[in-house]
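Engineer: Listed below are the residues making up each chain.
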Amino acid sequence: MARYGMVIDLKKCVRCRTCYITCKIFHNIPNEFDSGHSYSRIKLVEPEVGKYPSVHRFFMPVHCMHCDEAPCVNVCPTGASYIGENGIVHFDTEKCIGCKYCILACPYQARYYNHETGLADKCDFCADRLEAGLQPYCVEKCIGNAIVIGDLDDPNSEVSKIIRTEGAVPLSPHLGTKPKVFYCNIK
Amino acid sequence: MLHAQTMWGWPIAWYLFLAGVSAGTYIVAAFWQYAKKQNYLVKIGIYLTAPCLGLSIFLLWIDLGQRFKFPYAFLRPHESWISIGAWLLTLFFILVAIQWLKQFFARKQEQTPDYPGWVWVAGVILAFLTAIYTGILLGVAQAIPFWNTPLLPVLFLVSALSTGIGAVMLMAVIFKKKQAADIEEGFHLMAKADVGMIIFEILCIIFYLYFMAKSGVAASASAAMIVSGPLAVIFWLCFAVLGLILPLIMELNSLQGSTVKINVTQTAVMSVCLLIGGLALRYIILAAGIYESVSPFL
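Chains as they are written, first to last, in this note's numbering: chain A, 1 to 187; chain B, 1 to 298.
None of these hints come from the bench; they were simulated from the model.
No experiment lies behind these values; they were computed from the predicted model shown.
C-beta: ideal position from N, C-alpha, C; glycine also.
There could be a bad hint or two in this list.
As the list claims (entries may be wrong) - Some chain B residues well away from chain A (every beta-carbon gap over 10 Å; in silico):
#, residue
1, Tyr72
2, Phe74
3, Lys192
4, Gly289
What the hints assert, rightly or not - Below 20 Å or equal to it, Euclidean Cα-Cα: the simulated SDA-like pairs (lysine to any residue) are:
#, chain 1, residue 1, chain 2, residue 2
5, B, Lys192, B, Val217
6, A, Lys122, B, Val217
7, A, Lys122, A, Gly167
8, A, Lys95, B, Arg76
9, A, Lys51, B, Val217
10, B, Lys69, A, Gly118
11, B, Lys36, B, Gln109
12, A, Lys51, B, Ser295
13, A, Lys43, A, Asp153
14, A, Lys95, B, Phe68
15, A, Lys95, B, Leu75
16, A, Lys12, A, Gly167
Claimed, not checked - Okay, the calculated bits of chain A under chain B, using three or more residues with CB under 8 Å as the criterion:
#, region
17, 74-87
18, 121-134
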């Protein structure tokens, strides 16, 4: 069984936000006015680094990190969040009661609350598409081929090679959640 | 990129507050039962606990996105604090509801219904666990550094006891009847205990905010939000002045002199202040929950 992981090359990312929009369209994510911004399963984050006058701001899409030690899975009272055999943190909408605890537990803020369904929601690497041999929407539609998904356990997969050669790193590894989404060329 | 959580708002603040009050009123009732004194205060405590706890459970239920799937919440008590809480609240509610009903149907009698000792022991354990668990529930939410501290369960427990005393005093002076002639002694001891609680609570909140202000980016932003930001009015006015300082002064004042004369208005005002403070505390801690920022350089 593959252990899915993702690598995002920020050098190839042109900030077009296609991943965000395509995810929102295909997953039927409603317009959301909570705290003033809209939601998708992908978050667009623009961290600032440095101090004036040498300030730098960059741009990164943040998916669910599909952590091996996922805080959202630990806090879920119903078992709606669980880690599948393929390493994907799945989400069972039948079991979710909408307590929103997982949203407060995820240090990457990868989850959001869908007010229309009364359920939490998150990225699942488009698991049904992967099963059908297709790529997730964000990977397929990315105009710069910046997002690559594949098997982390296979050293010859494209994702493993990029992580090795480009020195890709996960976000906030100090949290100990063992994320499976990596970033390279951050600057 | 810092922003506060908006997932849990007023319903959860009321829920945390009322769960605390019910734990406090039960502990007060159990104490007077154990002391074999102040039968009237035992009755008040038992009459208060079940409605407060019922209302708090109702608010928790209202806040669910899928209310009719709530039985699923009981599934993972070995791991999730929502599940642990669901079990605790249910067991505690069953116990206090039985005590409430027995007392209600025996209201014509002078004596309170008699229970074997283990009922009270089990009830007190469940009450303490309920008060403490509300703090742990927030404490293990990893995305909010401001909540990740063992001080939170301590703070919520002290506040639960203090608001429990406040609620019992308030009801006792509202429904003051003939048999309440000897409640002065009870009030004296409760005011004394509450002085200790309030002083301990003041120390807790000072240490809590100070350590948070000196820790990471998100937690210090949370502390700033409370002390000098958008929550400052609620914090200073409703929690610090109304919830802590004013009741402390009034209690110390009432403790002077050997004989206590209960002033109904004063006691009522003081109790309401204690309750406002308890609710304000839950609300500011929820509303100041700023998310850990997502950055590759952390």
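Engineer: Take the hints in turn and mark each one as holding or not.
Structural biologist: Comparing the hints with the structure gives:
1. Tyr72: Not fine: 4 Å to the nearest Cβ puts Tyr72 of chain B too close to chain A.
2. Phe74: violated (8 Å)
3. Lys192: About 38 Å separates Lys192 of chain B from the closest Cβ of chain A, which puts it past 10 Å; holds.
4. Gly289: violated (7 Å)
5. B:Lys192 to B:Val217: Given pair Lys192 of chain B, Val217 of chain B is violated - Cα atoms ~40 Å apart, limit 20 Å.
6. A:Lys122 to B:Val217: This hinted pair is violated, its Cα atoms lying about 26 Å apart.
7. A:Lys122 to A:Gly167: violated (27 Å)
8. A:Lys95 to B:Arg76: holds (12 Å)
9. A:Lys51 to B:Val217: holds (15 Å)
10. B:Lys69 to A:Gly118: Given that 20 Å is the threshold and the Cα spacing comes to 11 Å, the pair holds.
11. B:Lys36 to B:Gln109: holds (17 Å)
12. A:Lys51 to B:Ser295: holds (16 Å)
13. A:Lys43 to A:Asp153: violated (26 Å)
14. A:Lys95 to B:Phe68: Holds, because 11 Å separates the two Cα atoms, which is no more than 20 Å.
15. A:Lys95 to B:Leu75: holds (10 Å)
16. A:Lys12 to A:Gly167: holds (15 Å)
17. 74-87: holds (count 7)
18. 121-134: Per the Cβ count (0), the hint is violated.
Comparing the model with each numbered hint stated earlier shows that hints 1, 2, 4, 5, 6, 7, 13, 18 do not hold.
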